[in-house]
Amino acid sequence: MIQINELTKVYKLTKKQMMEKKTKKNMVKAVDKLSLTARPGEIYGLLGPNGAGKTTALRCIASLLKPTQGNIKVKGYDTVEDSQSVRKTIGFLTNEIKLDPQFSPRYMFGFFGRLHGLDERVIEERREELFDYFGIKDFQDKKIEELSSGMKQKASLAVSLVHNPEVIIFDEPTSGLDIITARNVTDYLKHLRDEGRTVIISTHIMTEAEKLCDRIGIIINGVLVLEGTLTEILDRTNTKDLEDAFFELYKIHNKEEE
Amino acid sequence: MKGTKNIVKKELTRVFTDKKLVINLFVLPGVLIMVMYSIMGSLISKMETDIKTHIPTIYIQNAPEDLDYIIDAVDFEGNITYISSKDSTTHIKDGILKGDIDLLVIFDEGFIETIRSYKDVGDPIPEVRTYYNPSEDYSNAAKGNFTASVLHAYQQSLLAERLGNIEQLQVFYIDRDPEAGIIVDESKANGKFLSMLLPFLINIMLFQGAMGLGMDAITGEKERGTLASMLLSPIKRSEIVFGKLISLGILTSLSAVIYTVSVVVGIQRLADGAMGAMTNIQFTPVQIVQLFVMLIVLVYLYVSMVSIVAVYARTQKEAGTYVSPLYILVMLGCIMTMFSTGGVKELKYYAIPIYNGAIALQDLLVGELTMVKFGVTVGSLAIVAFLITTLITKAFNSERVMFNA
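Protein chains in written order, with this note's numbering: chain A, 5 to 262; chain B, 3 to 407.
A few of these clues could be false.
[To be verified] Taking lysine-lysine pairs in the PhoX-like style, the calculated list, with each CA pair at most 25 Å apart, reads:
1) A:92 with B:7
2) A:102 with B:54
3) A:77 with A:37
4) A:19 with A:29
Worth flagging that the hints you see were computed from the coordinates, not collected in a lab.
Please construct the entire structure, taking both the sequences and the accompanying hints into account.
Structure, rendered in C-alpha cells:
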C-alpha cells in the first residue's frame with residue numbers, strides 16, 4: 005500500500021534555472037498538497053501533462069526525493085525515516101534512471117539482485133522467469149550500449165523487478181516500446197496486480213490508462229484535480245472517454261493557475 | 003558492507019573487461035612514458051656524440067709561432083685558419099653568429115715578445131680574446147675545449163719557460179685523492195636523488211590516476227543516469243561511497259605504480275646509467291611498512307579529493323574545470339620539496355596535508371622519517387580524507403546534488 009498525505013515538493017531554483025524559466029521566483033512548487041492511496045491488488049494511474057509533477061511524486065514515493073511537506077508511507081514505511089526499507093519494498097522504473105551501458109542485462113540483473121541481498125540461486129530463478137517473459141534471453145549477454153531503446157527498456161524493467169517487489173512504481177513504463185512489448189509489459193503489470201501487489205504508474209497515454217488502471221488520479225500543475233475509477237471520472241466530468249475528461253479538467257485547472 | 007563489496011567488484015569488472023580502457027589507462031601511458039624518455043635519452047646521447055665528434059672551424063689571429071706545436075702536442079683537432087692582424091674579423095664574427103664558424107681567437111700583437119720581455123710587477127701582460135656563440139653547441143664546445151686544452155697548455159709551457167721550474171707555483175695540494183675524503187651513508191646518498199624526484203612523481207601520478215578515473219566513475223555515472231539506479235537499491239549511501247572510493251583507490255594505485263615505474267625506468271634510460279645507484283637502495287622492514295601505509299593514505303586522500311569534486315559537478319567537463327586547481331595545489335606542495343635543502347623540518351610541517359605527504363616520502367627515502375613524523379603525517383592525511391568522505395556521503399544523500407532537485 006502507498007499512502008501519500010498532503011505531499012508538497014518545492015524545488016529551489018538556481019539563478020541559471022530562473023533565467024531559463026524566465027521567472028523571478030526562486031522556488032517552484034512541483035507537487036502541491038497531494039494526497040492519494042494506492043492499495044494492494046490495484047493499478048493506480050497518475051495521469052497528467054508534461055511538467056505536471058507526476059515524476060516528482062513518483063520519485064518522492066521511491067524515497068529519492070524528500071517531501072518539503074507531508075509524508076508518504078510505503079507498506080507502512082516512511083520514505084524519509086525508513087528509506088532503506090522502502091527501497092527494499094519497491095521496484096522503480098523511470099526513463100531517467102539507466103543501466104550501466106558497459107554491462108550486459110545478465111550482469112546488471114545479477115548485480116542489482118546482489119545489492120538487494122538475494123542469493124545466486126534466487127537471482128538465477130528470477131532471471132530465468134523475467135528474461136523469458138520479456139524476451140531478453142536473445143540479447144542477455146550483449147552490452148547494454150549495443151541494444152536498441154526498446155531492448156534497453158525491457159532490460160531495465162526486468163532489473164527493477166529482480167527482487168520481486170511488493171510495490172511497483174513505473175514512470176511511463178511503455179515509453180519507447182513497440183506495441184507487442186508494450187502489451188507484454190501491461191500484461192505483466194496486470195499479473196502483478198492479480199498477485200496482490202500495489203502498482204502505481206504514470207502515463208500520458210489515455211487509452212493505456214483506460215485499459216490498465218483500476219483507479220486514476222489526474223494531476224495538473226502539481227495538484228490532484230480528480231481521482232476515481234474510469235466510470236467515476238467520466239461521470240464527474242460528463243464526458244465519453246478519458247481523453248475528453250482530461251481536456252475538460254485541463255481547461256478548468258490550467259486557467260485557474262494562469 | 004556487502005553492498006560495498008559488490009560495487010567494488012562491479013567497478014573493477016567495468017574497467018578490466020573493457021580492453022580499450024585497460025590499454026588507454028594502464029598500458030599506453032606506461033609505454034609512452036618509457037618510449038618518450040628513451041627517445042629523449044637516445045637523442046641527447048646522439049647530440050653529445052655529435053658535439054664531441056664535430057671538428058670545429060677556428061680562426062686564429064696573430065697566432066704565436068710555437069702555438070702550432072702546442073696544438074699538435076695536445077692532439078687538438080680543428081679546421082684552423084691563421085690570419086694576420088691586417089685581416090678583418092667582421093665576416094668571421096658574422097660566421098660565428100650564423101653558426102658557420104665556431105671560434106675566433108685573437109692574440110694581442112707582439113704577444114710572445116710582451117711575455118718574454120716581462121720583468122717585474124706592472125709590466126704589460128698580453129691578452130688572448132676568444133669570440134664564440136654560447137647559443138651554438140658546436141661553438142660553445144669549441145671555446146671550452148680550445149681554452150682548456152690548447153690555451154691552458156700554452157700558458158703552462160710559457161710559465162715553465164719563465165720560471166724554469168713550474169712546480170715552484172704549487173705550495174700545497176688540495177685532496178690529491180678526492181675519493182678517500184668522502185664520508186657518506188651509502189643508503190642516504192643513494193636515496194638523495196630519488197628523494198628529490200620520487201615524492202613529486204608519486205604524488206602527481208597518484209592524483210592524475212584518481213583524476214582520470216574518478217570523474218568518469220562518479221560524474222560520468224551521474225551524467226549517464228546510472229548512479230541513480232544504485233541509489234535506488236536498499237543499501238546505505240555510505241556503502242556506495244566506500245564502494246566507489248575503494249575501487250577508485252585500487253585502480254589509482256595500480257595506474258600510479260605503472261606510471262611511476264615507467265617514469266623511473268624511462269629516466270634511468272635518459273640518464274644513461276647515472277641513476278644506477280638507486281638500485282642499491284635498501285629499505286628496512288619498518289620503512290617498507292611506512293611506505294605502504296603512506297601510499298594507501300595518499301591514495302585515499304587524492305581519491306576523496308577528486309570524488310568530492312566529481313560528486314558536486316553536473317558534467318564531466320565541469321568536473322575537469324573544478325579539479326584543475328586541486329591538481330595545481332598538489333603540484334605546488336610537491337615542487338616545494340624538490341627545491342628544499344632537506345634539513346630537519348619542524349613537526350608542524352608534517353601536519354600540513356599534501357605537503358606533508360611529499361616531505362615524509364622524502365625523509366623516508368633518505369632514511370630519516372621518525373615514527374612521530376610518520377604518525378603525524380598519516381594521521382593528518384587520514385583525518386582530511388575522512389572528513390572529505392563524510393562530505394561525499396552527505397552529498398550522496400543530497401537530492402540537490404544527486405538529482406539537481
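Mind checking the alpha carbons of residue 77 (chain A) and residue 37 (chain A) for me, to see if they're no more than 25 Å apart?
15 Å, holds
Could you grab the alpha-carbon distance between residue 19 (chain A) and residue 29 (chain A) and see if it respects the 25 Å cut-off?
10 Å, holds
Residue 102 (chain A) and residue 54 (chain B): Cα distance at most 25 Å?
Roughly 65 Å between the alpha carbons, so the hint for residue 102 (chain A) and residue 54 (chain B) is violated.
Is the straight-line distance between the alpha-carbon of residue 92 (chain A) and that of residue 7 (chain B) 25 Å or less?
19 Å, holds
Checked against the numbered hints given earlier, this structure breaks only hint 2.
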